Each structure stands twice: as structure tokens, then as C-alpha cells.
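**Q** Spelled out, the chains give:
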Amino acid sequence: MIANEETLRHLMIKAQGGDRQCYTSLLTECEKWLRRYYARKINPAEVDDLVQETLISLHRKRASYDPTKAFLPWLAAIGRYRWIDGLRKIYRHEHGELNEELVADPQDEDVTAKVSLERLLGMIPDKQADVIAMVKIEGLSIAEAAAKTGQSESLVKVNIHRGLKKMSALIESE
Amino acid sequence: MSEVANSLINDLVDDLAPVRTLKPSGGMAVAAILTIAACSGVAFFMGVRGDLAMGMAHEMFFLRSGVLLMLGIATAFAAANMARPGVGNLNRGWIWALVTAGLFPLTAIAMSMVNGAPIEALRPAEGMKCLTISGLSALAIGGGLTAWLRQGAPTSPERAGWLVGIASGALGAAAYNIYCPFNDIYYIGLWFTLPVLVSAIVGRIVVPRLIRW
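Protein sequences appear in the order of chains A and B.
Read in order, the letters of the first sequence are residues 26 to 199 in the numbering used here.
Read in order, the letters of the second sequence are residues 7 to 219 in the numbering used here.
Worth double-checking, as some hints may not be accurate.
To be verified - Subject to a maximum C-alpha distance of 25 Å in a straight line, what follows is the list of computed SDA-like cross-link-like pairs (lysine to any residue): (1) K94/A / L200/B; (2) K182/A / D110/A; (3) K190/A / N95/B; (4) K191/A / V25/B.
Keep in mind the hints are simulated off the structure, nothing from the lab.
Source: prediction; values computed, not measured.
The whole structure should be built from the sequences, with the hints applied where relevant.
**A** What follows is the structure, encoded as C-alpha cells:
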């Protein structure tokens, strides 16, 4: 069970004031939330690293949270930024098994639907989203993605590049 | 939770110190102070245009000042707002200020198509001075805004670069504007547009490297 939006917001406000106990609870809850947020949206072997990088970003950029606003959209913006950064770094890795425990999206469904990675992927053209999912998330090679989609290898690369660029401009879009 | 994640959380908690939340008003204050400093520098080293000094400035001066300030304030606010990310936070109001500012060069182009190329009105020597002083002012304003933005978490460094560039170019040109004695649309359309354009391009190229996180 992950804490709800209001609890997370309260913990973050306390953490900005230097309360270590609240910060421990907040980071623990965020770790769980991010793990589910990234599930099936990146190669499973990369999830641990990505969650940790996002927690470090949360820590470094905690002054940028506006305490008058909801917490999850802020965390999601940081999460999306780190995710796209992570996708850019991935070329071909060992493709791990998807962890079925983690396939569900985080709770707080209304908020989560608006901030989800699925929605961000849905904002770019299908031909770009498809090859990003195949190569960057499922771990297919460029040649395999080209054969599967009927695009040439260079077009797959171009579409990945364009899709990531477009998504990075849309991080704060709902 | 894995041991590594646990240990990371412990390290981050150990490192916790109270922080003051970042507010866009901080970025706006930096831009305002540097713009006032640039205006003071222009007034001190170059002087103030004659009609303004006499308290009877030409109407074009007010129009030009208003448009440049509006563009500078709208884009500086959008840039400062980017320091605090959040899905659903997109601020696009600055686009209208940019469209309004575009009326000056568009009018100049339309007028020159009707009346012929206004070579004399362009005054290249004075124009280069305008570009240089506006550019130097923009550099100072953009530098301050970028340094402030580095504390935040802009999720689109490229867009932030454009915005910082446009804001500092417009505010830098607004500073030079208090000296510039020329009122014709051709001169304004070219020499007050160029600093904004050049500054926007420089901002797009330089700022993202400095604010990426």
C-alpha cells in the first residue's frame, strides 16, 4: 500500500523543513511509487538504477517543489525527465523478465492516469512510440524493430531520436 | 526494498538540510534588478533620449517600451516558472507577447514592400550600436536568470533556453531603448528585433548545457 497524495504532500513539506523522520517515510513511499511507475516502461534490469537516480534528483531538487500544489505531478515530472534520460542512455541490454508484481500502475488512479508514462508515450506518433517501446523498453535490436515494423533501420533510429526529443518537450503535459 | 535502495535512502536522509522553496518571484527579481542596472548603465554612460529627458517622449517610444517590457516580463516569468516542474504546469501565455512583438518587424516588412526598401532609415552604424549595447545588457540579464534557474528543475532545458534568450534580449533592448532616439518603424523593426532574435538563438544553444540536471 502506497501513501496517498495528501500524505505524500504533507511529508514533503515537513522534509523541506528538515524533518528527517518524515523524509525517510517520504523516500520509502516514493521508492515504491516509482518502482511501479517505471514498471514495464523500461528494461527491468534498469529499474533499480532509474529509481535510485530519480530519488537522488528528488533530493537535489527538493527546493523546486511548490508546497501549495499536489506532490505527485511534481514527482512525475522528475520521474518522466529521468526516464527519458534513461531511455536515451540505453542501447541494447540483456532483456530481463518482466516482474509481474510491478505491472500495476501506482494507486491514486485519477492523478496517476494524468501523469503516467503511458500517456506521455501516447502524445507522440505511433510509429515513434512503437519503436521506442521495442528498442528502449523491450530490448529489441534496431534490426529486429525494423523487421517487425517494416521501417528501415535508419528510419527506426530517426524515429527513436525524434520521439524522445518530442517527449522531452512534453514532460509537463497532461 | 533492496539493500542498495535502503542504503541510498539513509544517505539522502543524512544529507537532509532545510531548504527554502524556490519561487518564480525570485527569478523575476533577478531579471528586474539586472534590467534596472542595465537601464542605469545606459542612462549613465550614453544618456537618455532628448524627448524623454524633457518629459515629452514620442508615442513610438511608449509603444516600443511597452511591447519590449511585456515580452521580457512574460518570457522571464515563463522561464522562472519552469524552475518548479509539475505535470500539467505548462505556461504558454508568453506566446501572445511574442506574437505582439512580431508586429514591429512584420509592419516594417509590409511597409517596405509597399514603399520600397528604406535604406536610409536603417542607419547601420547606429543600428550596430543598438545591437551591441542591447546584446551586452541581454548577456548580463540572461546570465543572472540562468544562474537562478540552475537551482530549479526545468524539465525542458531547450524551451528554458529559448525563453531565457528571448526574455534577456527583450529586456536588454528595453534598456537601450531609453537612449535610442529613432522612432521610425523600419529602424525599430530591424534593430530592435535583431537583439531579441540573436539572444534567443544564443540562449537556445548555451543555456541548456548550463541548466541540465
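**Q** Hint by hint, note whether the structure agrees.
**A** Each hint tested on the structure:
1. K94/A / L200/B: violated, 39 Å
2. K182/A / D110/A: holds, 16 Å
3. K190/A / N95/B: holds, 19 Å
4. K191/A / V25/B: Not OK: K191/A and V25/B at ~33 Å, beyond 25 Å, violated.
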